[in-house]
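A.B. asks: Each protein sequence line maps, in turn, to chains A and B. Following numbering that gives the first Met the number 0, the numbering of the first sequence begins with 0 at its first residue and continues without gaps. Following numbering that gives the first Met the number 0, the numbering of the second sequence begins with 0 at its first residue and continues without gaps.
Just so you know, these hints were derived from the structure itself, not from any lab. Some hints could be false.
Stated by the list, open to error - With a Cα cut of at most 25 Å, we get these calculated SDA-like pairs of lysine to any residue: (1) B:Lys30 x A:Arg115; (2) A:Lys10 x B:Ala83; (3) B:Lys218 x B:Ser205.
Said to hold, decoys possible - Now the stretches of chain B that chain A is said to cover, found in silico as 3 or more residues with beta-carbon under 8 Å: (4) 47 to 57; (5) 122 to 129; (6) 218 to 226.
Note that the structure is predicted; figures quoted are calculated from it, not measured. Beta carbons are placed, not taken as given, at the ideal position from N, Cα and C, and that holds for glycine.
Listed below are the residues making up each chain.
Protein chains: 2
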Amino acid sequence: MISKNQIKAVKALHRKKERDEQKTFLAEGVKAVVELLNSENANVKELFAVADFMREYADLLRKKKIPIYEVSEGELAQISTQKAPNRVLALVEFFAPSSADYSFQNNFSFFLDDIRDPGNLGTIIRLADWYGIPKIFCSHQTVDLYNPKVIQSTMGAFLRVEVAYRNLQELISVNNIKSVYGAVLNGKNIYTESLSPGLIVIGNESLGISQDNLSLVNKPITIPANSKNGTESLNAAIATAIICSEFFRNLSVR
Amino acid sequence: MISKNQIKAVKALHRKKERDEQKTFLAEGVKAVVELLNSENANVKELFAVADFMREYADLLRKKKIPIYEVSEGELAQISTQKAPNRVLALVEFFAPSSADYSFQNNFSFFLDDIRDPGNLGTIIRLADWYGIPKIFCSHQTVDLYNPKVIQSTMGAFLRVEVAYRNLQELISVNNIKSVYGAVLNGKNIYTESLSPGLIVIGNESLGISQDNLSLVNKPITIPANSKNGTESLNAAIATAIICSEFFRNLSVR
């Protein structure tokens, strides 16, 4: 059983403003929540779960000194952001990377310039995790990492990939980045261009890279279209994946 | 102004059963609808639009001998499947490719084995359009092409890429396909394996390729992970894109 006030408090976290104020986000579903409970880096503050989750993970839950509430499927549906909630919902503290940290490991990463679709951001985080990219960057207008749909579509990868909201110009100058690639429609062919480590700027879903940031790109690149039918674009996450794969295939083939 | 009965009739098409019975689907948004109106292959049966769309496309609409209704933003919202409807909604006849047609052009295509997420199917259709793949195949359990979210996420590519729901075994035997690739977790490295034209089987988002279909795969392939953190998977559309790019890079580089 949960009270009306608890329902209200959890539902408040569906909104970015409340999440930012409380530095707390929602994680849902067995896989993500169990990973969070097992992670040393994550601070789960409160948990709502149905009876069979409580039974299955009794040992894990016993170790945690946090409020844990058993709820019915109906109650879970009331506080969930999902159409088909998956047994458990957790309140989790923001990871809070230092906003002064501009460090750029491995000399290879993405900069997402106003990506707005939560599924695209989540999918790109999952992609970064697959290719072992420890940190990616976003413009300040990019969708919120803690948006429940972003968290959901990372499939747990938000635990392993740091997402930092930064200004592109500062990022480049602080790290003295030499190669700033940009995904555009009239750049060099990614399949024939020699690609060295650097930062890859990916533009907004409909507007592409902003004018200001485009002027910072010194290596414009393009995925060549094979279509003769006037196709206009690829989905932003798909384009990111194809470009990322081209950079990493060299590592793999070597 | 539209009547209650019209609202009811359009909303019925939000459901697959009704779409199948009436062989009619909904297309929304200026870009998709204008492309449909201009396409020789599409049969737009009825149209609902706000006043400024009517003005902007008056010449195009005048040529069409179909019922066209001016609606308010509020009325459009009532019949739309979208949170933020974009000025116009059209009722469109199914493209109805022959169910007996197993033809397999260019000797390169995908077979989607129970892809369930509408965004994934739509994004893959858009990908196929970019790379000039004229036809893709889906298992019968794959999400409906005419699902409004699929149509939306193709960004108009559904007009140029044929989507055929077929049985994999028949598809292979009718076309005598020699190379049946399958995206799995323990196959050959796509970056080092020599890839020749063929059919690429992509599995369901959580279950992968079904046992029956896996037995038809003779070239299992894998996108090598660079992560040491126990990442489990890539999004299905992302994996499709990376594999597709690897096949096409050879064409492009040649």
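A.B. asks: Each of the hints needs a verdict: does it hold here or not?
C.D. replies: Hint-by-hint comparison with the structure:
1. B:Lys30 x A:Arg115: Since the Cα atoms of Lys30 (chain B) and Arg115 (chain A) sit roughly 19 Å apart, the hinted pair holds (cutoff 25 Å).
2. A:Lys10 x B:Ala83: Measuring from Cα to Cα gives roughly 22 Å; hence the hint holds.
3. B:Lys218 x B:Ser205: The hint holds at about 21 Å.
4. 47 to 57: Violated, because only 0 residues of the segment 47 to 57 of chain B bring their Cβ atoms closer than 8 Å to Cβ atoms of chain A.
5. 122 to 129: Holds: 5 residues of the segment 122 to 129 of chain B have a Cβ under 8 Å from chain A.
6. 218 to 226: holds (count 5)
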